[in-house]
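Top to bottom, those sequences are chains A and B. Using our numbering, read the first sequence as starting at 1 and increasing by one per residue. Using our numbering, read the second sequence as starting at 1001 and increasing by one per residue.
Simulated from the structure, these hints should not be mistaken for laboratory data. Beta carbons: idealized from backbone N, C-alpha and C, even for Gly. The reader is advised that the hints may include incorrect statements.
[Stated by the list, open to error] A short, non-exhaustive set of chain B residues, derived as facing chain A with CB atoms under 10 Å:
| no. | residue |
| --- | --- |
| 1 | 1002 |
| 2 | 1015 |
| 3 | 1017 |
| 4 | 1032 |
| 5 | 1055 |
| 6 | 1061 |
| 7 | 1064 |
[Stated by the list, open to error] Which residues of chain A face chain B? A few of them, derived with a C-beta cut under 7 Å, are:
| no. | residue |
| --- | --- |
| 8 | 142 |
| 9 | 144 |
| 10 | 146 |
| 11 | 147 |
| 12 | 189 |
| 13 | 192 |
| 14 | 195 |
| 15 | 197 |
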Amino acid sequence: MSNPLIMKLEYGARLTDADRDILQDLSSRTRRIPPHQDITSESERPENVHLVMEGFACRYKLLPNGKRQIMAYLVPGDFCDLHVAILGEMDHSIGTPWGCTAVEIPRATIDDLTAHHPRITRALWWATLADEGTLREWLVNMGQREADKQMAHFFCEMLVRLQIVGCANADSFNFPISQTDLADTLGISGVHVNRVLQELRAKGLIAWKSKRLHIPDVGRLKAFAEFDPKYLHLTMRENGNSRAEPRLS
Amino acid sequence: MPRFYIDTDDGVFPVRDDVGHEFASVEAARNMAQRALPDMARQKLPDGERRTFTASIRDENGTVLYVATLSLVGEWMVPRSTA
């Protein structure tokens, strides 16, 4: 079983085989999105929900002066815009400077899932809450952590998120993003990104070659970044089942 | 578009730019160099009363065209006991 959507949602609810079949079917018709293309643009009112199955996409905003801020990375198993059915229009864009494979799911299918499949609904809800936790952590990083720790933290987050969907091994993953993308993610200049990367390299914390990020000592990088993965909410509550179950007390 | 290289130094960790960036003009490179300085200052707080941050621009022949410097200078205005 290597469907990233199922692998991810297993963390959000106790899925049954029937649930897994539904999710497998949902994510089977993939489409390749070429690099430098928007999946959804700001102010659009999309009719379909998008799900990343391979590669990376990001949430971003372009300012009138041409500057760009990347607010989130979407990795395999992540929904881009689960709530377009409720929200009037997109307040930001979702794009892929690097190219990715995605699935387009009609709104009606999501409505049907949430009306008839309580465990999947719970898992989707969990995914949305985990996204919010991630955004909070990014805000803390942006406001309070120095750029070297902020960058190290971002690399730790990518490692953990890619590991849970089977897209990273114990200490490395494919990472096609550019230094300019990294600058727009961390809110620092491209020149400073280069400085911080060289510093992390000089400290032996990372190696980044041929679009693959290697972390020689994951524990050391996590300690340096003050990385605590609890904001990703990968530990399920004891009573985390949507079905009514007697609670152990 | 011309390629320029921006070298930086915060007094502790000098970084030579071996890759460079393409810029529309040398003025655009200057803006980039200047923008790096506050980032560098934010990252490295001074361990005393002084720190100097520099960003310099080289062209493809290795000629240094421009140097931007940001100095942090602290000075006490009252006598300090050395207890």
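Tested hints:
no.: 1; hint: 1002; result: 16 Å, violated
no.: 2; hint: 1015; result: 5 Å, holds
no.: 3; hint: 1017; result: 6 Å, holds
no.: 4; hint: 1032; result: 6 Å, holds
no.: 5; hint: 1055; result: 7 Å, holds
no.: 6; hint: 1061; result: 20 Å, violated
no.: 7; hint: 1064; result: 15 Å, violated
no.: 8; hint: 142; result: 12 Å, violated
no.: 9; hint: 144; result: 11 Å, violated
no.: 10; hint: 146; result: 5 Å, holds
no.: 11; hint: 147; result: 5 Å, holds
no.: 12; hint: 189; result: 4 Å, holds
no.: 13; hint: 192; result: 4 Å, holds
no.: 14; hint: 195; result: 5 Å, holds
no.: 15; hint: 197; result: 9 Å, violated
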